[in-house]
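Engineer: Residue numbers (my numbering), protein chains in the order written: chain A, 1260 to 1512; chain B, 4 to 484; chain C, 8 to 239.
The set of hints was computed from the structure by calculation and includes no laboratory data.
Just so you know, not all the hints are guaranteed correct.
Claimed, not checked - DSSO-like cross-link-like pairs, simulated, lysine-lysine; straight-line CA separation at most 30 Å:
hint: 1; chain 1: B; residue 1: K184; chain 2: C; residue 2: K74
hint: 2; chain 1: B; residue 1: K270; chain 2: A; residue 2: K1430
hint: 3; chain 1: C; residue 1: K163; chain 2: C; residue 2: K102
hint: 4; chain 1: C; residue 1: K58; chain 2: B; residue 2: K184
hint: 5; chain 1: C; residue 1: K127; chain 2: B; residue 2: K79
hint: 6; chain 1: C; residue 1: K168; chain 2: B; residue 2: K48
hint: 7; chain 1: C; residue 1: K168; chain 2: B; residue 2: K126
hint: 8; chain 1: B; residue 1: K48; chain 2: A; residue 2: K1400
hint: 9; chain 1: C; residue 1: K56; chain 2: C; residue 2: K152
hint: 10; chain 1: C; residue 1: K148; chain 2: B; residue 2: K126
hint: 11; chain 1: C; residue 1: K193; chain 2: C; residue 2: K74
hint: 12; chain 1: B; residue 1: K339; chain 2: A; residue 2: K1430
hint: 13; chain 1: B; residue 1: K391; chain 2: A; residue 2: K1430
hint: 14; chain 1: B; residue 1: K339; chain 2: A; residue 2: K1466
hint: 15; chain 1: C; residue 1: K152; chain 2: C; residue 2: K65
hint: 16; chain 1: A; residue 1: K1430; chain 2: B; residue 2: K326
hint: 17; chain 1: B; residue 1: K130; chain 2: C; residue 2: K152
hint: 18; chain 1: C; residue 1: K148; chain 2: B; residue 2: K131
hint: 19; chain 1: B; residue 1: K325; chain 2: C; residue 2: K65
hint: 20; chain 1: C; residue 1: K127; chain 2: C; residue 2: K102
hint: 21; chain 1: B; residue 1: K62; chain 2: B; residue 2: K108
hint: 22; chain 1: B; residue 1: K184; chain 2: C; residue 2: K56
hint: 23; chain 1: C; residue 1: K65; chain 2: B; residue 2: K149
hint: 24; chain 1: B; residue 1: K62; chain 2: C; residue 2: K168
hint: 25; chain 1: B; residue 1: K79; chain 2: C; residue 2: K102
hint: 26; chain 1: C; residue 1: K193; chain 2: B; residue 2: K130
hint: 27; chain 1: C; residue 1: K102; chain 2: C; residue 2: K206
hint: 28; chain 1: B; residue 1: K176; chain 2: C; residue 2: K168
hint: 29; chain 1: A; residue 1: K1400; chain 2: B; residue 2: K52
hint: 30; chain 1: C; residue 1: K56; chain 2: B; residue 2: K176
hint: 31; chain 1: B; residue 1: K34; chain 2: A; residue 2: K1401
hint: 32; chain 1: C; residue 1: K218; chain 2: C; residue 2: K47
hint: 33; chain 1: B; residue 1: K40; chain 2: A; residue 2: K1430
hint: 34; chain 1: B; residue 1: K225; chain 2: C; residue 2: K148
hint: 35; chain 1: A; residue 1: K1401; chain 2: B; residue 2: K339
hint: 36; chain 1: B; residue 1: K79; chain 2: C; residue 2: K168
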Amino acid sequence: MGFLRSRFFHAVLILALAFCLFRFGIRPPAPWSVIRLYMTVVLLATLIYVSADSDSWRNFVRPIRSTLMDPSQRALRYALMVVIPLLLGYYAYTQAAARPQAPPELRAVHPAPPDTIQLRGKPINISGAENPLRKDQASFKKHVAAGGEIYIRNCMYCHGDNLDGQGHFAKGFNPPPANFQDPGTIAMLQEAYLFWRIAKGGPGLPKESTPWNSVMPAWEDRLSEEQIWQVIMYLYDATGQQPRRWETASGGH
Amino acid sequence: MADIRFGIVAAALVSLPGLAWAQAGDANAGKAVYERKCLLCHGEKGDGKGPAAELLDPKPRDFTSGIYKIRTTATKAPTDQDLFRVVSEGMPGTSMPAWAVLSEKDRWNVVAYVKSFAADKFKEAPKKQELPKDVASSADSIKRGKEMFEAIECNKCHGTEGRADGPSREELKDEWGHPIKPANLTKRWTFRGGAGRTDIATRLAAGVLGTPMPAFIDSVEKPEDIWHLTHYIQSLGPESPGYATLITVTAVTDAIVDDPNADFWKKMAPQNVGLMGQVIQDPRNFNPSIDMVAVRAAWNDKEIAFHLTWDDPTESKPDAAKKLYADAIQLQFPPKVDAGGERPYFLMGNDNDGVYLLRWEQGKGALEATANGPTKINAVTGSEASGKAVYQNGQYRVVIKRARVGREDRTTFQPGVFTPVAFQAWDGGAGETGTKMSLTSWYYLRLEEPQSNRRFVIPPVVALLTLAAMVLVVRVANRRS
Amino acid sequence: MRKVLGAVTALLLALGVATFIGLPGATAQGGTGTIEADVKYNGAPQVEKLKVNKDTEKCGTEAVIEKVVVGGNKGLTNAVVSVPGAKGGGGKAVKGMIDQHGCKFVPHVVVMSPGDLEIKNSDDILHNIHTYSTANPSINKAQPKFKKVMTEKLEKPEYVKVTCDVHSWMLGWVAVTPGPASVTDKDGVAKIENVPVGKQTVEVWHETLGKQTKEVDVKAGQATKVSFEMKK
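Chain A on its own, in the form it takes in the complex (with noise of 0.2 Å):
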């Protein structure tokens, strides 16, 4: 068991180890692009381990010089050096004839809402405003109600009776309608917020951040200004998320 205590195979097994931590332990999983990273760190934190000192430096060079240069290691090194060209190479290949991505359509989630926006004419303070219709607790559930049926004559295509964005026409959508059970989207924005995405929709989106691929209608079109209310009651409410508050000191973004 002699080999228990090399320094090379300590370093094969921190590497190993690692890796299989960062690729299946980490629950959503991560990016590759992530996982190359935390890897390199592992990488360089392995080496000044076996370079602590010079001894341990000598114990984990022993079997990689032994493997170079050790007439009993003959067969070992001929047939690393057919095996590491080969794989070098098939790597290339799939470089070399990898097909071209789609460019990914953007999304940032969270562009910056305007001060006040125009519903049908009527002007309406987007920033520090708060859903007018939860001053009054006693029509709570009736609101609620409304929006239910709201969201579902008009928002379930696209985002699901279950509000996860995978609505029966989502296959044709890129980006992907916005998924609401998910803690990143409407538990980190505030419902003045919501109640101007809905308006204005993938229209009414900024100019500075393009170019969008929203499919979002605005839906002033369509509903009034209290039944946005509602359907973002209902949104909060179904999904069990609360909506993110101004922060009173600024009142800003």
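Based on these hints, arrange chains B and C on the given structure of chain A.
Structural biologist: Positioned in the frame of chain A, the structure of chains B and C alone reads:
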């Protein structure tokens, strides 16, 4: 006495292996889940008349009828397990989603509650639909399946090649008198009860309750024909559509062939694009007829051509009085391709920002057009687009061809550039015209540059260099020692 | 000659025994009678016509859907006249038989006692037997060209609608009746034999015009007349 009772229970459990893991749900607990998740479509009374119902096709299930499409029983009522599976996996091709987000317990409770709308229909003990002895799929089995498909005349509803275009399709009604479409057998991913072998065989054997689809278990020549039919149905189309987001236009050196049925096009792999209904402008199209178009494309120095394939059950004869319009399809491009820049509004542009269209319309053929919104399409005078179309067994195949370099405001297609493209289609036979259409958001199109030989040159060079480096290292190491 | 004699003797003997112990249908008052029903309809016939787009070799080019057929002297055809109360009445159990011929159900209305229904396909094309019932299990079974005969069970009294989804104009009815029954002819007349004597309720049912009942007094060996006028 107790022993006998125990024996009966044990026998019942053994004889219903499908139910062995079924849990008894709590209908009262299920009511709360139902009212939160199911009510908006299926209605408070479970009669399928929720607020969304009028917009949906197929309609939400009326639970008070106790009639269920998907069941593994030979008797009328499904098993709890059948209902649980539909709740958990949804019904592909309809607006019923998979409710796997609910806990298993919640789902069993919902099943119990849904059953309570027609409790008397579940009194009879379910009898499992037995399937004939399994047969492995093979070329012979598929051949036999085809013979049986023709002998039992599946084509009457499902069409000769399975595209739901059979002569009886217009007449079909469900139990409630709503028109109902036969399944498109080439699109297995839309099968309501799942696309697995056993799923298909069970539907064939037991039929689909509440629909015109009859039971065939006693109506094939030999029992195992059920499996041969299953294999033939599976051979009619791919398992999944594998939707593309980038459309590659193949570079060719020869002339591009006009005939949509030519080998030239058959050799290319289809790139499937999913379409959905236009629900932004009135009149809206909540239940579009065309849900997919398969795209093939080719270019050479002079020309570019698009080969589009899509299923449409009728080659419409336009007749405004009968609400029949011309079938049509189009590709939409920005007039000027500005890499990374803003694109016109995806819904055929707007007043400020128009789009360029390559359009094919029944009776008019291929033409160039521009649009400033879905109702403002203008044919380009002196259109240079040409094309050919064939309609066969419920499917259109159309080639639209044009010069690669466009004049004036017509899009020019440059190799290696990501060109935005979107698709729109109309099934005139289903009353689609104007804003009633199927469409996509913007996708990308790319003219593939002729494959260079780089991929054959670089890898050997890399391999040889690596080998040389390794030899060098070994030499140096040996010399040092 | 001896054979005929033998047969006659046997018949007489059987009759004698029957009279003596009483047939199941023959009630205490003894014997059975006949009901002659006359069903009239004062409205217009309802017949729809449809252009056939398939199987024209078998089905013809025009399908006729007969919802109300009125014959001579305003007689209503295809109405079922029955005596539901006379269970297991004097008659034998009637086996149901329906044929799919020329893309029509022949006859349009079948009368049967609870039990087996024989379904034939004489057309050499696919039909599917699709029944709409509440008392009996509903049936939707394919009957391809090679399946000439199928047998299905209808064990509960009911008027069952039968359709074929492949040929949507095809429409037939099966009247499952516990007692003796008959279907009106082209003049609206139906004759029911072997009705037990005494007070009986006669029921008339028509697929479009609904149901009516009347009380009659059946006398042994006599024909009792009863007339109905169906309304929309």
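Engineer: Now tell me if each hint is right for this structure.
Structural biologist: Against the structure, the hints:
| no. | hint | verdict |
| --- | --- | --- |
| 1 | B:K184 to C:K74 | 26 Å, holds |
| 2 | B:K270 to A:K1430 | 26 Å, holds |
| 3 | C:K163 to C:K102 | 14 Å, holds |
| 4 | C:K58 to B:K184 | 21 Å, holds |
| 5 | C:K127 to B:K79 | 24 Å, holds |
| 6 | C:K168 to B:K48 | 28 Å, holds |
| 7 | C:K168 to B:K126 | 24 Å, holds |
| 8 | B:K48 to A:K1400 | 19 Å, holds |
| 9 | C:K56 to C:K152 | 26 Å, holds |
| 10 | C:K148 to B:K126 | 23 Å, holds |
| 11 | C:K193 to C:K74 | 14 Å, holds |
| 12 | B:K339 to A:K1430 | 27 Å, holds |
| 13 | B:K391 to A:K1430 | 29 Å, holds |
| 14 | B:K339 to A:K1466 | 18 Å, holds |
| 15 | C:K152 to C:K65 | 12 Å, holds |
| 16 | A:K1430 to B:K326 | 29 Å, holds |
| 17 | B:K130 to C:K152 | 28 Å, holds |
| 18 | C:K148 to B:K131 | 17 Å, holds |
| 19 | B:K325 to C:K65 | 28 Å, holds |
| 20 | C:K127 to C:K102 | 13 Å, holds |
| 21 | B:K62 to B:K108 | 27 Å, holds |
| 22 | B:K184 to C:K56 | 24 Å, holds |
| 23 | C:K65 to B:K149 | 24 Å, holds |
| 24 | B:K62 to C:K168 | 24 Å, holds |
| 25 | B:K79 to C:K102 | 25 Å, holds |
| 26 | C:K193 to B:K130 | 45 Å, violated |
| 27 | C:K102 to C:K206 | 27 Å, holds |
| 28 | B:K176 to C:K168 | 15 Å, holds |
| 29 | A:K1400 to B:K52 | 21 Å, holds |
| 30 | C:K56 to B:K176 | 19 Å, holds |
| 31 | B:K34 to A:K1401 | 19 Å, holds |
| 32 | C:K218 to C:K47 | 13 Å, holds |
| 33 | B:K40 to A:K1430 | 22 Å, holds |
| 34 | B:K225 to C:K148 | 16 Å, holds |
| 35 | A:K1401 to B:K339 | 50 Å, violated |
| 36 | B:K79 to C:K168 | 18 Å, holds |
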